[in-house]
Amino acid sequence: MELGMIGLGRMGAGMSRRLHRAGVRVVGYDPNPEARARLAQDGIETVDRLEALVEALKPPR
Numbered sequence: 001m002e003l004g005m006i007g008l009g010r011m012g013a014g015m016s017r018r019l020h021r022a023g024v025r026v027v028g029y030d031p032n033p034e035a036r037a038r039l040a041q042d043g044i045e046t047v048d049r050l051e052a053l054v055e056a057l058k059p060p061r
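Residue 1 is where the sequence shown starts when you use our numbering, and the numbers rise one by one after that.
Incorrect hints may have been included.
As the list claims (entries may be wrong) - Computed spacing ranges between beta-carbons, pair by pair:
| no. | residue 1 | residue 2 | range |
| --- | --- | --- | --- |
| 1 | Arg18 | Leu57 | 27 to 37 Å |
| 2 | Glu34 | Pro60 | 14 to 24 Å |
| 3 | Leu57 | Pro31 | 29 to 39 Å |
| 4 | Glu2 | Asp48 | 14 to 24 Å |
| 5 | Leu3 | Asp48 | 28 to 38 Å |
| 6 | Glu55 | Met1 | 12 to 22 Å |
| 7 | Ile6 | Pro59 | 12 to 22 Å |
| 8 | Arg49 | Arg25 | 28 to 38 Å |
| 9 | Gly9 | Ala52 | 15 to 25 Å |
| 10 | Met15 | Arg61 | 30 to 40 Å |
| 11 | Ala40 | Met11 | 25 to 35 Å |
| 12 | Gly9 | Gly43 | 26 to 36 Å |
| 13 | Glu51 | Arg25 | 28 to 38 Å |
To be verified - With a Cα cut of at most 25 Å, we get these calculated DMTMM-like pairs of lysine to aspartate or glutamate:
| no. | residue 1 | residue 2 |
| --- | --- | --- |
| 14 | Lys58 | Asp42 |
| 15 | Lys58 | Asp48 |
| 16 | Lys58 | Glu2 |
| 17 | Lys58 | Glu45 |
Simulated from the structure, these hints should not be mistaken for lab results.
A quick note: this is a predicted structure, and the numbers were derived from the prediction, not measured.
Just so you know, even glycine gets a beta-carbon here, dropped at the ideal spot from N, CA and C.
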């Protein structure tokens, strides 16, 4: 299973981490580079554009 998470603030980051630990592939997007960097340190794939988020997920999205 995989999903895209838009918004990696307090709530989005927490949800992304829990899903990642459960074995779900998470691709995260946030306009704030610091938020993306914090999640990338946890091994979660992040992108810097919404288009890249869509492209990173396998169809059907």
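Hint-by-hint comparison with the structure:
| no. | hint | result |
| --- | --- | --- |
| 1 | Arg18 - Leu57: 27 to 37 Å | violated (19 Å) |
| 2 | Glu34 - Pro60: 14 to 24 Å | violated (32 Å) |
| 3 | Leu57 - Pro31: 29 to 39 Å | violated (19 Å) |
| 4 | Glu2 - Asp48: 14 to 24 Å | holds (19 Å) |
| 5 | Leu3 - Asp48: 28 to 38 Å | violated (18 Å) |
| 6 | Glu55 - Met1: 12 to 22 Å | holds (18 Å) |
| 7 | Ile6 - Pro59: 12 to 22 Å | holds (18 Å) |
| 8 | Arg49 - Arg25: 28 to 38 Å | violated (19 Å) |
| 9 | Gly9 - Ala52: 15 to 25 Å | holds (19 Å) |
| 10 | Met15 - Arg61: 30 to 40 Å | violated (18 Å) |
| 11 | Ala40 - Met11: 25 to 35 Å | violated (18 Å) |
| 12 | Gly9 - Gly43: 26 to 36 Å | violated (19 Å) |
| 13 | Glu51 - Arg25: 28 to 38 Å | violated (18 Å) |
| 14 | Lys58 - Asp42 | holds (22 Å) |
| 15 | Lys58 - Asp48 | holds (18 Å) |
| 16 | Lys58 - Glu2 | holds (8 Å) |
| 17 | Lys58 - Glu45 | holds (14 Å) |
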